[in-house]
Amino acid sequence: MVETYNMAGHNPGDGTPSKKYSIVGTDVPEAVLFNGDALVSSLSESPRVINGIYYYDDAGSALFERLCSENTYYLFSTEKTILAQHAKEIAVITGPVSLIELGSGSAEKTTLLVDAYVETHGPASYTAIDINHSILERAAENILSVTSDLDFLGIVGTYETGLVQIKELTGRKLLVSFG
1151 MVETYNMAGH NPGDGTPSKK YSIVGTDVPE AVLFNGDALV SSLSESPRVI NGIYYYDDAG
1211 SALFERLCSE NTYYLFSTEK TILAQHAKEI AVITGPVSLI ELGSGSAEKT TLLVDAYVET
1271 HGPASYTAID INHSILERAA ENILSVTSDL DFLGIVGTYE TGLVQIKELT GRKLLVSFG
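Taking the numbering used here, the leading residue of the sequence shown gets 1151, the next gets one more, and so forth.
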C-alpha cells in the first residue's frame, strides 16, 4: 500500500512547490511484533534479551524521544553534534546518493545530513525505514520543514522487510543507522 500526503499547512494556491511524501506499507502486524513464542524464547536465553522491535510502538517511540532530550543520555546529543560539524563533509566525500536510514525515528539528526546533501548536490532522495507509521509521518514533516528539494519515502517494516524493498531504488545508496 502506498499513501501520499500533502504536508500539513501547505497552501497549494500560494505558489510554493508542493511538498509531498510517500509511505509504503502499514504498521507491522502485532502478530509479528509481539510473537509470544519468540518473546518467551528470548527471555529464556542467557543472558535474557528482548528484541528491540518491542520498544518502538507509539508509546515506545515517545519514551525514546523523551530519553533523547535528557542530559544524561549523551549518545543523542553527541551524534547530533558530530553530524552538525561533519554533515557537509560527509555529503561532499560520498557524492550524490540515495540516503537510506534504518530505524529513522523522527529523523531529527538525519535532517542535518539530508540538508547537507541538498545544499551540496541539489535535490536529494531519502528513504526512512521504521516499524512505526506515525513516527515516519513525523520524520517526513521534520525533514520537509527544512528542505523541499527532497523525495521522501517511508517504509513501514522491520529492517529485513525494508531492505528487501530498497533493492528497487536506483543509483548509489548510503545506509545509515544512528543510535
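No lab work stands behind these hints, which were simulated from the structure alone.
All figures in this text were calculated on a predicted structure; none of them were measured in a lab.
Do not rely on the hints blindly, as some may be mistaken.
[Claimed, not checked] Label-pair distances were calculated between CB atoms; the ranges are: (1) D1187 with G1321: 33 to 43 Å; (2) G1245 with L1189: 38 to 48 Å; (3) L1189 with G1329: 22 to 32 Å; (4) T1231 with E1269: 12 to 22 Å; (5) V1199 with S1172: 16 to 26 Å; (6) L1213 with G1186: 20 to 30 Å; (7) T1320 with A1234: 24 to 34 Å; (8) T1320 with N1201: 10 to 20 Å.
Just so it is clear, CB atoms sit at the ideal spot from N, CA and C, and this is done for glycine as well.
Hints versus structure:
Taking the beta carbon of each, D1187 and G1321 are about 40 Å apart, inside 33 to 43 Å as hinted. The supplied range of 38 to 48 Å is met by G1245 and L1189, whose beta-carbon atoms lie about 43 Å from each other. Range check, L1189 to G1329: Cβ separation about 24 Å, and the 22 to 32 Å hint holds. Under the hint 12 to 22 Å, the C-beta atoms of T1231 and E1269, about 19 Å apart, fit the expected range.
Distance hint for V1199 and S1172: a CB-CB separation of about 34 Å, inconsistent with the stated range 16 to 26 Å. Here the CB-CB span from L1213 to G1186 is close to 22 Å, well matched to the stated 20 to 30 Å. As the Cβ distance of T1320 to A1234 is approximately 30 Å, the hint placing it in 24 to 34 Å holds. A hinted range of 10 to 20 Å for the beta carbons of T1320 and N1201 is inconsistent with their spacing of about 32 Å.
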